[in-house]
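Student: Those protein sequence lines, which keep their order, are chains A and B.
Residue numbering for the first sequence follows this note's numbering, beginning at 1 and increasing consecutively.
Residue numbering for the second sequence follows this note's numbering, beginning at 1001 and increasing consecutively.
Please keep in mind that the hints were generated in silico from the structure rather than gathered at the bench.
Take the hints with a grain of salt, since some may be wrong.
As the list claims (entries may be wrong) - Using 20 Å as the maximum straight-line C-alpha spacing, the simulated SDA-like pairs for lysine to any residue come out as follows:
#1 B:K1009 <-> A:K79
#2 B:K1009 <-> A:F88
#3 B:K1057 <-> B:P1109
#4 A:K79 <-> A:Y101
#5 B:K1065 <-> B:L1010
#6 B:K1057 <-> A:T104
#7 B:K1065 <-> B:K1009
#8 B:K1073 <-> B:G1058
#9 B:K1009 <-> A:V12
#10 A:K79 <-> A:E26
#11 B:K1065 <-> B:N1024
#12 B:K1057 <-> B:H1071
#13 B:K1057 <-> A:Y101
#14 A:K79 <-> A:V15
#15 B:K1009 <-> A:Y101
#16 B:K1057 <-> B:R1041
#17 B:K1057 <-> B:P1075
#18 B:K1073 <-> B:L1010
To be verified - From the structure, some residues in chain B lie toward chain A, with a derived Cβ separation under 10 Å:
#19 Q1006
#20 S1040
#21 R1049
#22 K1073
#23 G1100
The beta-carbon is built from N, C-alpha and C at its ideal position, and this holds for glycine as well.
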Amino acid sequence: SQTIHQWPATLVQPVGSPLSLECTVEGTSNPNLYWYRQAAGRGLQLLFYSVGIGQISSEVPQNLSASRPQDRQFILSSKKLLLSDSGFYLCAWNPVGTSSYGYTFGSGTRLTVV
Amino acid sequence: AQRVTQPEKLLSVFKGAPVELKCNYSYSGSPELFWYVQYSRQRLQLLLRHISRESIKGFTADLNKGETSFHLKKPFAQEEDSAMYYCALSGDYGQNFVFGPGTRLSVLP
């Protein structure tokens, strides 16, 4: 069966420090991968999505970047965190070319920038 | 452009009462609609999708293309239904999901 792992679960980082959040999927090949940020009152905001290795699409301009070094690995990064980067980040995946299946989400990372 | 609206941020009902979580969308093509739920301290998970016409945990949702709505309904709410509910719309090839802002359902004893 397919599973998605996301870590760490919580992270407290000082302003200006780098960030690396990792997400991996097991039990499937060539998934679509996504990074979302969940903000109170704003719902889920799509940050990045990837349809293949090295292919990243950014939905909103920001202080973050994403990379997909391997088929089932998706990384969210920042060189210098801002206070406004605090939030709850969710990784998700779905099979390629199948909008009907919806997404499967990771358990999320609570990031607090201090 | 795709857009999903959920007009209620918070909905409180008493146990045993009917509940309806509203969702409206705008999309130029044929949409795929979903409801996601996040219980306290659990991950966001798919509750149901319109294409399967299923009933999950007593919840149903009917896609009304005329009213561009996909309201979530349950005839008798239970306390364990208390959670955050998100309506979502998918575009072509599953790549362009758009989520509504969410509605927090609180079922009171």
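Student: Compare the structure with each hint and give your call.
Tutor: Hint-by-hint comparison with the structure:
With a C-alpha separation of about 35 Å, the suggested pairing of K1009 of chain B with K79 of chain A is violated against the 20 Å cut-off. Using a Cα cut-off of 20 Å, the hinted pair K1009 of chain B and F88 of chain A holds, with the two alpha carbons roughly 18 Å apart. Between the alpha carbons of K1057 of chain B and P1109 of chain B the distance comes to roughly 18 Å, so the proposed pair stays at or under 20 Å and holds. A distance of roughly 34 Å separates the Cα atoms of K79 of chain A and Y101 of chain A; the hinted pair therefore is violated under the 20 Å criterion.
At roughly 25 Å between alpha-carbon atoms, K1065 of chain B and L1010 of chain B are farther apart than 20 Å, so this suggested pair is violated. Annotation: proposed proximity of K1057 of chain B to T104 of chain A holds, straight-line Cα distance about 18 Å (limit 20 Å). Note on K1065 of chain B and K1009 of chain B: the hinted pairing is violated, with a Cα-Cα distance of about 23 Å set against a maximum of 20 Å. A hinted pair counts as satisfied when its Cα atoms are at most 20 Å apart, and K1073 of chain B with G1058 of chain B qualifies at roughly 8 Å.
With a CA separation close to 28 Å, the supplied pair K1009 of chain B and V12 of chain A exceeds the 20 Å bound. A C-alpha spacing of about 28 Å is found between K79 of chain A and E26 of chain A, which places the hinted pair above 20 Å, so the restraint is violated. Our distance criterion of 20 Å between C-alpha atoms is met by K1065 of chain B and N1024 of chain B, whose separation comes to about 10 Å. For the hint pairing K1057 of chain B with H1071 of chain B, the CA-to-CA distance comes to about 15 Å; that is within 20 Å, so the pair holds.
Straight-line distance between C-alpha atoms of K1057 of chain B and Y101 of chain A comes to about 18 Å, which keeps the hinted pair within the 20 Å bound. For the given pair, K79 of chain A sits about 11 Å from V15 of chain A by alpha-carbon distance, which is consistent with the 20 Å threshold. For the given pair, K1009 of chain B sits about 26 Å from Y101 of chain A by alpha-carbon distance, which is inconsistent with the 20 Å threshold. Taking the CA atoms of K1057 of chain B and R1041 of chain B, the gap is near 19 Å; set against the 20 Å cutoff, the hint holds.
The hinted pair formed by K1057 of chain B and P1075 of chain B meets the criterion: a straight-line CA distance of about 11 Å does not exceed 20 Å. For the given pair, K1073 of chain B sits about 15 Å from L1010 of chain B by alpha-carbon distance, which is consistent with the 20 Å threshold. At about 8 Å, the closest approach between the beta carbon of Q1006 of chain B and any beta carbon in chain A falls short of 10 Å, and the interface hint on this residue holds. At a threshold of 10 Å, the smallest CB-CB gap from S1040 of chain B to chain A is about 13 Å, leaving the interface hint violated.
At about 6 Å, the closest approach between the beta carbon of R1049 of chain B and any beta carbon in chain A falls short of 10 Å, and the interface hint on this residue holds. Contact between K1073 of chain B and chain A, as hinted, is not supported at the beta carbon level, the nearest pair being about 19 Å apart and thus beyond 10 Å. The criterion of a C-beta within 10 Å of any C-beta in chain A is met by G1100 of chain B, whose closest approach is roughly 6 Å, and the hint holds.
In summary, the structure is inconsistent with hints 1, 4, 5, 7, 9, 10, 15, 20 and 22 from the numbered list given earlier, while agreeing with the others.
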